[in-house]
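As a plain string of letters, each chain reads:
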Amino acid sequence: MKRNRRMKSILVLSLIFIIAFTLVGGCAKPTAPAPSPAPAPEKSDGPAQEIRFDRNIKIGIVDTYTGPPTVYTYDARDGFTLAAKEINAEGIHGAKIEFVTRDEEFKPDKALSWARELITREGVDVLCGFMSSASALAVSEYVKDEKVPTVVWMAQTEKITGEAGHRYIFHVIPNTRMSGRAAARYLADLPYTRFALVGSDFEFGHAIINTFWKTMTELNPKAEKVVETFWPVGEPDFTPYISAIRAAKPEVVVAAPGGADQIPLTKAIGAAKLAEEMVVYLHIGTDHAGLVALGQEAPEGMYGSSPYHYYYPDTPENKAFVEKFHAEYGRYPNFAGFNGYITAHLIAEAYRKAGSLDTEAFIDAFEGLSINSPVGQVTMREYDHQLIQPFFIGKTVKDPGKDYLIATDIVMISGEDAIPPLEEIKKIRGE
Amino acid sequence: MLNVFSKLTKGQFFSFKLLIIGIVVLILLFAPSYLSRYYLYLVTLILVTVLFATSLNIPLGYGGLLVLHQATFYGVGAYAFAIFLKQGTLPILPASLIAPLIAAAFACFIGWICVRLRGLYFSFLTLAMGQLVWAIIYRWYNFTGGDDGIHAIPVPDFLRSGSSVFYTTLIVVLISLLLIYIIVKSPYGLTLQAVRDNPQRCESVGINIRNHRLIAFVMGGFFAGVAGVLFVLLERSVAPPMLFWTKSVEVLIMVLLGGMFTFLGPAFGAVVVIGMMTFFGIFTEYWLLFLGSIKILLLLFLPQGVLGYIEEMMAKSAKKIEKGEERGYAQG
Amino acid sequence: MLEAKEIHAYYGLSHILFGVSLEVKKGEIVCVLGRNGAGKTTIMRSIMGLTPPRQGQVIFKGKDITRTPVHKIAQMGMGFVADNRRIFPDLTVEENLDIASRGGQQKGAWNKEKIFTLFPALKNITSRRGGYCSGGEQQMLAVARALMGNPDFLLLDEPTEGLAPLVVRELMEQIGRLREEGLSILMAEQNVRSALKLANRVYVIDRGEVRFQGTVEELEANEEISKKYLLV
Amino acid sequence: MLRVENLVKSFDGFLAVNGANLTVHEKQIVAVIGPNGAGKTTLFNLITGHLVPTGGKVIFKDREITGMAPHRICHLGISRSFQLINVFPQLSVFENVQVSVLSHQKKVLNMFAPAQKLVVEETYNILEKVRLADKAREKTASLSYGDQKILEMAIALGNYPELLMLDEPTAGMSPEETKATIALVQELAKKEGLTVLFTEHNMNVVFEISEKIMVMQQGRTIAQDLPDMVRANKQVQAAYLGEES
Amino acid sequence: MDFLTLLPDFSTMTSQVFIGLSRAMILFMVAVGLTVSIGVLRVINFANGTFYMLGAFTAWSIAMWVGGTAGFWVALLVAPLVVSVLGLVVEAGLLRRLYNRPRLLQLLLTYAVVLLFNDITKIIWGVDFKTIEVPLKGFVTLFSNVSLPSYNLILLASGPLVAFGLWFFTNHTMVGKITRATATDREMVDALGINSKKIFAIVFMLSCYLAGLGGALIAPTTNIVVGMGITILVNAVLVVVVGGLGNIWGTFLASIIFGVGESFGLLIAPRFAIVFPFAIATVLLILRPTGIMKSVW
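Chains as they are written, first to last, in the numbering used here: chain L, 1 to 431; chain Y, 1 to 332; chain C, 1 to 232; chain F, 1 to 245; chain D, 1 to 297.
Hints may contain errors.
Unchecked claim - DSBU-like cross-link-like pairs, simulated, lysine-lysine; straight-line CA separation at most 30 angstroms: (1) Lys-58/L / Lys-427/L; (2) Lys-190/F / Lys-185/Y; (3) Lys-316/Y / Lys-106/F; (4) Lys-17/Y / Lys-117/F; (5) Lys-61/F / Lys-228/C; (6) Lys-426/L / Lys-86/Y; (7) Lys-197/C / Lys-234/F; (8) Lys-63/C / Lys-197/D; (9) Lys-144/L / Lys-86/Y; (10) Lys-191/F / Lys-212/F; (11) Lys-8/L / Lys-139/F; (12) Lys-137/D / Lys-273/L; (13) Lys-197/D / Lys-61/C; (14) Lys-135/F / Lys-228/C; (15) Lys-197/D / Lys-398/L; (16) Lys-135/F / Lys-17/Y; (17) Lys-185/Y / Lys-427/L; (18) Lys-107/F / Lys-185/Y; (19) Lys-227/C / Lys-234/F; (20) Lys-185/Y / Lys-139/F; (21) Lys-249/L / Lys-197/D.
Unchecked claim - Here are the simulated distance ranges between beta carbons: (22) Asp-409/L / Leu-142/D: 32 to 42 angstroms; (23) Asp-225/F / Glu-217/C: 35 to 45 angstroms; (24) Gly-13/F / Pro-160/D: 44 to 54 angstroms; (25) Val-25/Y / Glu-26/F: 57 to 67 angstroms; (26) Val-17/D / Gly-13/F: 30 to 40 angstroms; (27) Glu-6/C / Val-85/D: 37 to 47 angstroms; (28) Glu-300/L / Thr-69/D: 17 to 27 angstroms; (29) Val-24/Y / Glu-86/L: 42 to 52 angstroms; (30) Glu-323/L / Lys-197/D: 56 to 66 angstroms.
Just so you know, these hints were derived from the structure itself, not from any lab.
Note that CB positions come from ideal geometry on N, CA and C, so glycine has one too.
Here chain L stands alone, though its shape is the one from the complex (with noise of 0.2 angstroms):
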């Protein structure tokens, strides 16, 4: 009885220091980040005056950090931590690479008030993250009155650099818009005609699906549409969908699943043996997250694509890349370790470029940005800011070596083919 009260006490207590804690640390006014001790700007006397920032560059990441979509996150988190320790090495005109994470449960509400907590308690200079497209539509909203940069680098909606689109937000993966038209270009080139469409009933799967078959009747006016059927996310099971696939005879079946439908929709597919009969292609149906799960599992012949391979390009800098984060985490990085990575070296280049800590200089520079990474020449559009980025397709193929597949004939989609031009986005902003 009398422990009892005592727990009870303890417990009152300490909540009451929580909430204090929570709610004094506001009683301090502005939280604006404290000026690290860098040294004094060295006069130089050189034409190219050597610029020193006087504190360094805080980032905030707000992403989902719970639940399914954690695979890709946590990718995401790990090459950007990579990324800022090679930039920290050589430093931004002195300055080094902060930063630090909110998880958002994939719940736009509180993406918002993590975001708000970023920028106005820690003064985060750029946001970046966000895995939920809803959660990157509210936020951009929000960042857009703050004028806070903020890079998304994981949520694939079209609408982020279309007509949601402001001058404080930038779009680091290939958008909705890019991913179909990349599979258009690529199948377009095959000669069949007959097409299923298939897809994860929200947003981002209607998406994906609607440019890509409008940019497939473009290409190929001869081609039919067989099916096209939805299912409700989550889905436990592909069957009927198969079935209905089968019984309409198509050439190409084009499939968008979203999230976590990809495991259990390439499964029922490898299980039907789908793959030998027709075209399958799935969009990031090759990205390394989703084939080393599958493991011997996932069909061989089935067309794929993702922004990145951990294995393609074979080149010196993609190497080095892959051999670094698996060096540090002990695996090899799938689309969203890429793609934190390369935003990390994106940002720290542009202010590098801007040689000012000034938002609006940082933007400026951000802007027509191009950097090299390890899949080559990227670039920063300046109208959109939708990063210009190439976008892989190949097959998936057995590996002697690996227990998982990997793909193989990879064709790469230049950024430059696989963006909508500008018009349609002028358009789509109707300006």
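With chain L fixed as given, assemble chains Y, C, F and D onto it according to the hints.
Relative to chain L, chains Y, C, F and D alone:
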């Protein structure tokens, strides 16, 4: 730690409570002048949640109705307001009045069906119907924006600064709480508590218990709708997770942690839970682990809620003085 | 056999028993008499460990069982027949008996055959669900169920409540036969008349206190007690 | 005033009440007696609408009220107490009675007046009648058993009923309390002009105050007559009193 | 654009029915554990979804450790046992304190356990996508046009098997009978000399075993991720309520109604398919508030 209160008698005890509330309100009134922007936002968010939690407590704490899906009305209020503003069908003032009424209408419909059932069956029917509303909003792209939600909701400029949103929220929440307080202390409120304690007896003194419960349910829905409107003012964005069932569980935990049999318990619970979420969210990646454990400890050891516990201790001390420690209280 | 010493029992905050002491010797039938709400059922529950007394002691076969878990007390040989019978309604009569069986193969142990010789009425309804039995049948089943655990001490809480007079008579006879089998019995009753026919000794309870104890003859001689506490 | 005709109630085939008949005239004190399980409480629940009869009729003041909702029946002027204590444990004694007074005055949907200040006088009047006024501010749970039973009755009085139904009003009371309670019932009936229908185990009480007795056995009415006639009724003696005396 | 127009009617319908049935069995696996704990312990255990998740994760670990197709079958045997032992720990440590608490408190406490275990699972198993190789490959042709993956047959069979097993357990074993008795009157069981604490622990372990079994069975068809328990939980809870609390056959029937209902929902209005289970639950609860079969409460 609570020895301070042992010097208070019952009447003083009440004025002491009033004093504390007065001080809190006074502190809040000047909040924008000493709080940094983030904490001003956090306090605004807490205020919205305070209203949300208190709205749940009308049917739950006072009516004894175990509503498992209160977030439905919060979400419906927010969505209705968002859609009015986004489509520009209504100016902001009427929209902010009609949106809670729509939430109340939903509550009326759902409640009308649910109050026929007793106990847990009632609870689960509210859960099922709430999820139904969620699923429809989640899917109906053209109208509700589907899973992407609605963003960039056009709120007039004068409601865009942190302090104007704060004051609007503060005023609306205070008025709502006052209204709820008046209702709870009215004959309706008294008889509602009687219905909670002993529905059979209430029937036999001539109270239509179904009506009473329905009214409580609708009122809860209305004030949840008000909270939803305030949320939109604050965040200018809505998305389906707002009315997913886990949101309802979250707010239920707030009410229970604070204490469902005290008027300010749910409000206190909202402060506690949001405070803890922020605290752990900032300081650790495994915040769920900490939050979950603390919730378990609190629910296990303080089943009457934190404020309920504090009040009980205060009341006990006050009583001891009054009765001159005549008899010790057995602790159950 | 059983001794309760100064037991105080509570339900939550309300104090029900105020220092009740009583004793049952081997082979006795002892009756606890009193009005509705006098505390009879609480005495039974306290002894059985269902409402453990906060103060005082219960001693059974020389052992202090005040803090012993209920099932251990039952295993020591105490049978319990609850006041509203508490038959498992979803289980058949046979299943009700089966799950209570703890006799094993030892000689003289209660088994279903032996039960059916004592309560022939149960034999014909073995597959009927407990919930569908009549009051009398349920009462017999409740006693039979308690016997299946081979107790040597039986707590009977108002066994005649709500039964037709004829059934009461039959039941009382059967209880009498249990004494012949060597069982000691503590019985709570409101039905004074039928209880007195059977009992060796009597305790009269009112408001959680023992107001009278003695033999049946002594009680019958004491009109004041009967009038005041038993409304006879 | 109240007429019960051939009332039947079955629970899953078990006939709890099987042909009950009862007539209560204005300002009469009527007792319903019968052994445990005879169906007295069920009969009460059927009259007050807590249970819906399977068959038969209940007529109150020339109006059929069979199967009507309990709260509506109450507003017609029937009010009852319960056998087991059935009060509002979390409310104070005063509030317990206040609830029923508010209900009687149709003020329960008033949401904006402070309840504290409403119907105070009426409530105190009733509490005074049953001699609980000095305990008005106490928590119900701290009352003695006897006082809770009285409070039970006071709640019923809060509705200003024409017909007061008491289910075992003296069950579990001490002889002194019983005596006081009976006096109270008689006094109320006389002063307020109430009609009283009650069930009771204690035969002394029954024969002392009732003007008419209805005897039930196994759900059936086996006699309905003046006390002396009932006492003399052979069937009643055999079925019910036989056991006790 | 549904495939109603694209397929011959009969085979669409039948295949849809079979798909709905295997969907129903998945649901049943989660719901049955829930209904057992509700029926006997009277605790609505939200953590049941967590044990389902743990079943899948444990099965994965075991399958990986053993390797090959045999790995899965070993996992199917062992994983539920591991989960039920874990359940015992939770029961003894936490749930035991809840049996006499208000229902709302029980609900929220078990929900807090869900949060806790989600993080613990993340710490133990990490965040990678995980999946187990399907142990039975190939298809079974049922009618000329309808074929099912062979593994679905196992799922289809497991539901009725589990339901039948449970029925046998509760009606024809001594422990089962005691369990039924405990469900209605715990005190009386104690008074008969049976340790009801032990019975409760056994029942809770059984319910965890069933949840773990469900998780293990489903593991090969799906993506094993943290949080998989939460998504299915609310449907499972509704299935249990619609079926009649604690009624195994009711749960079975309700699962089928939900599963097949959603399948046909896909035919009628694919976009609103996820609305169907909730709509069905709402309608059924309005029509039969205490469930389609007798509730034990």
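Non-conforming hints, listed in increasing numerical order: Checked against the structure, the hints that fail are numbers 1, 2, 3, 5, 15, 17, 21, 24, while the rest are satisfied.
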